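J.: Residue numbers for the sequence shown follow my numbering, beginning at 249 and rising by one.
Simulated from the structure, these hints should not be mistaken for laboratory data. All values reported here derive from a predicted model rather than from experimental measurement. For every residue, glycine included, the Cβ atom is placed at its ideal position computed from N, Cα and C. Please note that the accuracy of each hint is not assured.
To be verified - With beta-carbon atoms standing in for the labels, derived distance ranges:
| # | residue 1 | residue 2 | range |
| --- | --- | --- | --- |
| 1 | M355 | P277 | 44 to 50 angstroms |
| 2 | V275 | P357 | 43 to 49 angstroms |
| 3 | A280 | E311 | 52 to 58 angstroms |
| 4 | K338 | K316 | 14 to 20 angstroms |
| 5 | D364 | P277 | 18 to 24 angstroms |
| 6 | Q308 | G284 | 48 to 54 angstroms |
| 7 | G384 | T312 | 22 to 28 angstroms |
| 8 | Q361 | G284 | 44 to 50 angstroms |
| 9 | A280 | T383 | 35 to 41 angstroms |
| 10 | K273 | A354 | 38 to 44 angstroms |
| 11 | D335 | V283 | 41 to 47 angstroms |
| 12 | Q361 | V275 | 50 to 56 angstroms |
| 13 | G314 | Q336 | 18 to 24 angstroms |
Unchecked claim - Here are the computed lysine-lysine pairs in the DSS-like style, where the Cα-Cα straight-line distance is at most 27 angstroms:
| # | residue 1 | residue 2 |
| --- | --- | --- |
| 14 | K376 | K350 |
| 15 | K316 | K273 |
| 16 | K299 | K376 |
| 17 | K316 | K365 |
| 18 | K299 | K359 |
| 19 | K376 | K359 |
| 20 | K365 | K299 |
| 21 | K350 | K322 |
| 22 | K359 | K316 |
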Amino acid sequence: MRRLAPLAILLVFAAGCSKNKPGEKVVAPLPATVVGTVPKAQQASVPAQYKNGDATAGKQVFETAGCKSCHTLKDAGATGTVGPNLDQAKPPLSLVVTRVTKGAGAMPPFKGQLSDKQIADVAAYVVKATGGNPTG
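Work the whole structure out from these sequences, hints included.
T.: What follows is the structure in structure tokens.
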């Protein structure tokens with residue numbers, strides 16, 4: 249028992265020397281460099297039926313399907329403020345197709361209201377008019 253008393257006193261003393269507050273987690277610092285690889289971003293694919301749309305026909309779809317009332321697109325004279333400003337967003341083809349077919353936020357899906365050809369055309373138009381990525 250005599251041997252345990254000094255050991256117990258030493259342990260109590262060592263515990264009291266901690267710089268951390270009670271309940272505070274101790275986190276190891278991050279290394280200066282990390283070795284490894286970062287996966288490459290995958291390009292979104294566009295279903296075949298939405299590729300090769302006619303941008304000229306797509307302008308007509310944009311103007312008649314209600315797109316102008318929500319979006320800003322200078323080429324169409326559209327000044328809507330409900331949806332994103334397409335001139336600033338410069339969306340890639342894959343994003344335009346996804347938003348038109350499935351909708352997002354305040355935008356309803358147009359799949360079923362517009363034909364696949366009309367969706368392909370309006371997507372081609374938006375990408376061409378804004379300078380977005382026509383392959384992505």
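J.: Would you pick out the hints that fail for this structure and give their numbers low to high?
T.: Hints 5 and 15 are the ones this structure does not satisfy, whereas the remaining hints hold.
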